[in-house]
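Colleague: Sequence:
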Amino acid sequence: MDSVLSLDDGRWLGPSDESYSPLNDEASNGPLVLGNIRQPSPPPVLAQVQSEFMPISPSRVADPRPGAAKPFQDGMPSSNTYQHLHIPVKMMQDFLRLAQQNTAKNLETCGVLAGSLRNKVFQITTLIVPKQESTSDSVR
Numbered sequence: 002m003d004s005v006l007s008l009d010d011g012r013w014l015g016p017s018d019e020s021y022s023p024l025n026d027e028a029s030n031g032p033l034v035l036g037n038i039r040q041p042s043p044p045p046v047l048a049q050v051q052s053e054f055m056p057i058s059p060s061r062v063a064d065p066r067p068g069a070a071k072p073f074q075d076g077m078p079s080s081n082t083y084q085h086l087h088i089p090v091k092m093m094q095d096f097l098r099l100a101q102q103n104t105a106k107n108l109e110t111c112g113v114l115a116g117s118l119r120n121k122v123f124q125i126t127t128l129i130v131p132k133q134e135s136t137s138d139s140v141r
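Counting with this note's numbering, you get residues 2 to 141 for the letters of the sequence shown.
Among the clues, some could well be false.
[What the hints assert, rightly or not] Under the rule of at most 27 Å between Cα atoms (straight-line distance), these lysine-lysine pairs were calculated in the DSS-like manner:
1. K106 <-> K121
2. K132 <-> K106
3. K91 <-> K121
4. K132 <-> K91
Please keep in mind that the hints were generated in silico from the structure rather than gathered at the bench.
Start from the sequences, fold in the hints, and give me the full structure.
Modeller: Okay, structure coming up:
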């Protein structure tokens, strides 16, 4: 890999500082509030659920298969069809702010989305940005 991507700016949760929270640190260390974006460290931290969602049309969700989006057959979703996805606006803004420096350096940033399916809509509640090595077209 040509470059190593570091997302640790010194304000992440550490094993020796269990009471630290990026949410309470906004005034003292700058404008970046990470909300429920966490760097994984044992034991896992419970995610904060945000109620504000930004709907994403199924036709805008990435699909590696060729062809246009296919609607549900018989109104029931399957693993071969698109599903509606709601991502909290603040979570998306936090990720874009976090990835901005890497994007300026032409480096990819990867995040893992987690949530639950409710009423045929996947509600994203957690974004995990693991430690990673990055180039302009790959993340490992």
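Colleague: It remains to establish, for every hint, whether it holds in the given structure.
Modeller: Tested hints:
| no. | hint | verdict |
| --- | --- | --- |
| 1 | K106 <-> K121 | violated (38 Å) |
| 2 | K132 <-> K106 | holds (17 Å) |
| 3 | K91 <-> K121 | holds (22 Å) |
| 4 | K132 <-> K91 | holds (22 Å) |
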